[in-house]
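Take the sequences, apply the hints, and build the full model.
Order-wise, the sequence lines are chains Z and B.
FYI, my numbering numbers position 77 of the first sequence as 77, with every residue one higher than the one before it.
FYI, my numbering numbers position 37 of the second sequence as 37, with every residue one higher than the one before it.
Every clue listed holds true.
A few chain Z residues that don't get close to chain B, going by computed Cβ distances all over 10 Å:
| # | residue |
| --- | --- |
| 1 | Glu-8 |
| 2 | Ile-12 |
| 3 | Ser-16 |
| 4 | Asp-67 |
| 5 | Leu-71 |
| 6 | Lys-143 |
| 7 | Gly-146 |
| 8 | Val-207 |
Now the in silico label distances, taken between C-beta atoms and shown as ranges:
| # | chain 1 | residue 1 | chain 2 | residue 2 | range |
| --- | --- | --- | --- | --- | --- |
| 9 | B | Thr-445 | Z | Glu-17 | 45 to 55 Å |
| 10 | Z | Phe-125 | B | Ile-400 | 36 to 46 Å |
| 11 | Z | His-191 | B | Thr-445 | 50 to 60 Å |
| 12 | B | Lys-462 | Z | Glu-17 | 24 to 34 Å |
| 13 | Z | Glu-17 | B | Ile-442 | 50 to 60 Å |
| 14 | Z | Lys-177 | B | Lys-462 | 32 to 42 Å |
| 15 | Z | Lys-177 | B | Ile-400 | 48 to 58 Å |
| 16 | Z | Lys-143 | B | Ala-22 | 21 to 31 Å |
| 17 | B | Glu-361 | Z | Val-222 | 35 to 45 Å |
| 18 | B | Arg-473 | Z | His-211 | 19 to 29 Å |
| 19 | Z | Glu-135 | B | Ala-22 | 35 to 45 Å |
Partial pick of chain Z residues on the chain B-facing surface, computed with a CB cut under 8 Å:
| # | residue |
| --- | --- |
| 20 | Asn-51 |
| 21 | Met-84 |
| 22 | Ile-97 |
| 23 | Leu-100 |
| 24 | Ser-111 |
Hint data in this document are derived by calculation from the structure and do not stem from the laboratory.
On a predicted model such as this, the values are computed, not experimentally measured, just so you know.
For each residue, glycine too, the CB sits at the ideal point set by N, CA and C.
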Amino acid sequence: MKVLELKEVNKIYDGSEVHVHAVSDVTLDFHEAEFAAIVGPSGSGKTTLLNLIGGLDMPTSGEIIIDGTNLSKLKSSQLIDFRMRNIGFVFQAYNLIPVLTAKENVEFIMSLQKWSRKERDERTFELLKAVGLFERMNSRPSKMSGGQQQRVAVARALASRPKFVLADEPTANLDSKSATTLLEIMEKLNHEEKITFIFSTHDARVVKMAHRVITLEDGKVVSDDKRE
Amino acid sequence: MIWKTAWKNVWRNRVRSLVIIASVTIGIFAGVFSIAFMNGMIAQRIDAAINEEISHIQITGKEYSLNNDPGIIITHHDSVISGIPKLPGIAGTVERTIISGMAGTATKNAGVQIIGINPEMEKNIFTLDKTIMAGTGDYFEKESKFDLALIGQDLAKELNIIRYTIDSTVLENLKIKKIPVNTLEKLNPIAGIRFTNEKKFKKSINSLLSKQESKKYGYQIKNVAWSFREGSKMTLTFLDKDNNQVGVVFRLAGIYDIKNTIYEQSMVFVKDTDLKRLTGMDKDSFHQMIVRINDINQTEEITKALKDKLPEYEIVSWKELQPDLAMMTDYVHQMYAFFMAIILAALAFGIINTMLMVVLERTKELGMLTAIGMNKKKVFSMIMLESVFLSVTGGVTGMIVGWLTVLLTARNGINFAQYAEGMEAFGYSAHVFPEISASFFIMITLMIILTGVVSSIYPAIKALKLDPAEAIRTD
Ligand SMILES: Nc1ncnc2c1ncn2[C@@H]1O[C@H](COP(=O)(O)OP(=O)(O)O)[C@@H](O)[C@H]1O
Ligand SMILES: [Mg+2]
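So, in structure tokens, the structure goes:
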């Protein structure tokens with residue numbers, strides 16, 4: 001089942017001083033339960049592409065269709081709501097609310113969606129167990145390592161069962177052991193929850209673990225390599 | 001979750017939040033306490049005016065007030081007048097006869113109003129009988145073969161009826177009042193001297209004591225050192241009904257002490273029967289009927305009802321007699337709200353500044369929250385709540401501290417004895433009992449919440465303008 005479709009997407013940053021064609025004629029499909037990496041050198045357009053897919057930025061031309069909904073047809077308030085219901089995000093840093101515990105961070109979106117306490121607790125405990133942090137659920141982010149924080153972020157991203165999860169260089173600030181652990185957890189959840197993961201990276205070991213590798217160069221897709 | 005997050009966010013920068021909360025606390029405390037103080041002062045003034053001086057409504061003949069013409073009288077033959085005490089809402093009435101005259105002793109003279117009263121009836125309307133200075137008399141209680149008069153403390157001073165002496169009893173009493181012995185020792189040069197003039201007495205005290213001492217203790221010393229000669233006499237001079245001048249010697253039935261200098265200087269009370277006999281006035285007629293009502297809030301209605309019933313008479317309420325007090329009672333809440341609004345407006349700038357820093361510091365976090373789907377309304381509420389928590393935490397603490405201070409000071413009052421003369425000249429007591437109502441706290445609570453909300457608007461708008469893609473970019 002197709003969850004995401006990009007048709008001839010372009011993004012041009014056109015300022016008074018800069019003119020950058022950050023994403024150029026990208027056409028891609030993603031299906032249910034994919035585990036895809038977007039790779040490419042710094043400045044190749046990975047972040048821009050993920051921001052476009054996540055509705056954080058609007059393409060200059062082209063269409064992005066998520067589960068039948070064309071993102072450019074949504075008003076900005078609808079778009080925020082759409083993101084909340086359909087897309088999970090893991091960023092490179094500043095993922096968590098520092099004043100809330102791990103458990104509260106994971107619950108956050110579910111509570112915005114007005115889930116009942118019982119449903120929320122069940123899902124939160126399930127996910128915290130899956131990322132191996134059930135024992136740490138009452139810790140604040142500042143009391144956790146970078147890798148643990150990213151695992152909480154992954155649990156948070158999956159909490160309300162989105163169509164897919166976008167992760168922009170989730171391992172960039174992690175040592176290689178934590179990075180591998182994080183990827184293993186992501187892969188496991190991808191498998192168990194049947195949720196599509198799209199993540200960017202320039203870490204070769206992380207790339208190795210992906211089932212599909214899309215390579216960008218100067219904003220263009222230069223290869224789209226499905227393994228298995 | 002948003003409430004919880006906002007509350008926890010308040011404590012992220014503990015010092016900064018505490019500073020702003022403390023300033024709100026101090027501001028609200030200062031506001032609450034000064035208002036309680038003003039409120040108590042006004043309430044006491046109104047109380048005194050109603051209970052000691054004018055009561056609620058006064059009825060006189062038409063045009064009586066123009067020149068206090070004693071020929072303009074009221075009589076019981078008017079059945080409407082005699083029916084007033086039975087009207088709804090009326091607590092009681094008394095009648096007074098009023099003659100202008102002079103009060104004099106061997107050395108001094110003063111123009112006064114001589115009021116003929118029925119002492120027993122007056123007790124139902126006024127509390128003047130409770131203000132008699134100890135040892136000066138018994139408020140017409142004892143039968144006497146002399147004509148008796150009740151005068152105010154300030155008139156007694158003016159007529160040199162009160163005199164001042166520093167003797168051993170006085171010094172003993174002053175010691176009990178915790179005035180330092182070495183201050184009292186300085187008074188030795190005037191020990192035993194009898195001053196008949198208050199000003200001279202004050203002058204010699206001031207010359208013996210340091211400026212600070214006389215400021216601190218002068219009033220107390222004066223209050224203890226006064227004495228009064230039993231059986232003091234004075235002459236009241238006035239015109240009888242045929243315009244013949246009459247001068248009659250009166251013994252004192254007491255000296256009353258209220259907190260209103262002008263009233264004390266000018267109002268002399270005598271028995272109505274004595275005054276009628278001396279002036280030859282008809283015993284069924286009088287000049288003024290004073291009406292006390294059950295509920296002060298009904299002043300306007302009852303006054304109007306009386307005016308409608310008695311078009312041939314002049315009817316004035318305390319609000320017309322004391323427009324300054326009437327204005328205070330009518331606008332007191334607006335006044336307090338305005339006062340609090342000024343304090344809160346100043347505090348709002350501090351809160352706005354803090355919240356702007358908050359938004360600036362949390363750019364990335366706020367961007368992340370918008371990215372993961374927290375909508376504008378919720379981001380706005382979160383910032384607004386944080387701001388409201390700042391103002392309410394400070395506000396509630398300030399109100400509690402203010403309220404406790406009011407409770408504490410209201411027990412014994414705050415006595416500005418050294419400013420008593422100045423304040424009593426305006427009819428205000430220098431011994432103030434702060435007082436505050438629950439409705440006032442409800443009003444300021446709402447104002448404090450409003451301040452939090454209003455202060456958050458500009459910072460929250462700034463937060464909403466953040467572009468999430470920009471905010472979370474880590475370059
Ligand atoms: N807001 C922006 N304004 C102008 N140029 C931008 C902006 N964001 C990104 N770019 C440019 O677009 C290109 C792609 O950037 P980015 O998507 O961040 O690449 P990557 O994530 O692969 O490093 C870069 O040349 C970058 O300088
Ligand atoms: Mg990037």
